[in-house]
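Using the sequences provided together with the hints, build the complete structure.
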Amino acid sequence: MTQTEVNEKAGLSEKYLSNIERAVSVPSIDVLMRICVVLKTTPDKLLLGIENVEHIGNVGRVAAMKIDGMTRGQQMLALSLLDWIAEQKI
1 MTQTEVNEKA GLSEKYLSNI ERAVSVPSID VLMRICVVLK TTPDKLLLGI ENVEHIGNVG
61 RVAAMKIDGM TRGQQMLALS LLDWIAEQKI
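The sequence shown finishes on residue 90 if you use our numbering, and the numbering steps up by one all the way, no holes.
Calculated lysine-lysine pairs in the PhoX-like style (CA-CA distance at most 25 Å, straight line): (1) Lys-40 / Lys-66; (2) Lys-40 / Lys-15; (3) Lys-9 / Lys-45; (4) Lys-66 / Lys-9; (5) Lys-15 / Lys-45; (6) Lys-45 / Lys-66; (7) Lys-9 / Lys-40.
Simulated restraints on C-beta separations: (8) Val-37 / Gln-88: 31 to 39 Å; (9) Lys-89 / Arg-61: 24 to 32 Å; (10) Lys-89 / Ala-63: 17 to 25 Å.
No lab work stands behind these hints, which were simulated from the structure alone. No experiment lies behind these values; they were computed from the predicted model shown. Beta carbons: idealized from backbone N, C-alpha and C, even for Gly.
Pasting the structure below:
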């Protein structure tokens, strides 16, 4: 698949993917997921070259990436929610 095809299918601007590849731009989680869908792969495979990542804490990594993209207030709320969930006896 060409870079132009990936750009079109993922809804990216003409040079954005090139900037990501050259580490000029850092994609958001949303953009990363759109690229993965177009390429029929997972973020772990794309970023780490690993297909099965259950043994290295994939859920924690995804949660950390999502929290990293939040505002400070949202991060504090997310941490409070995680504390509350940890206290539940479920």
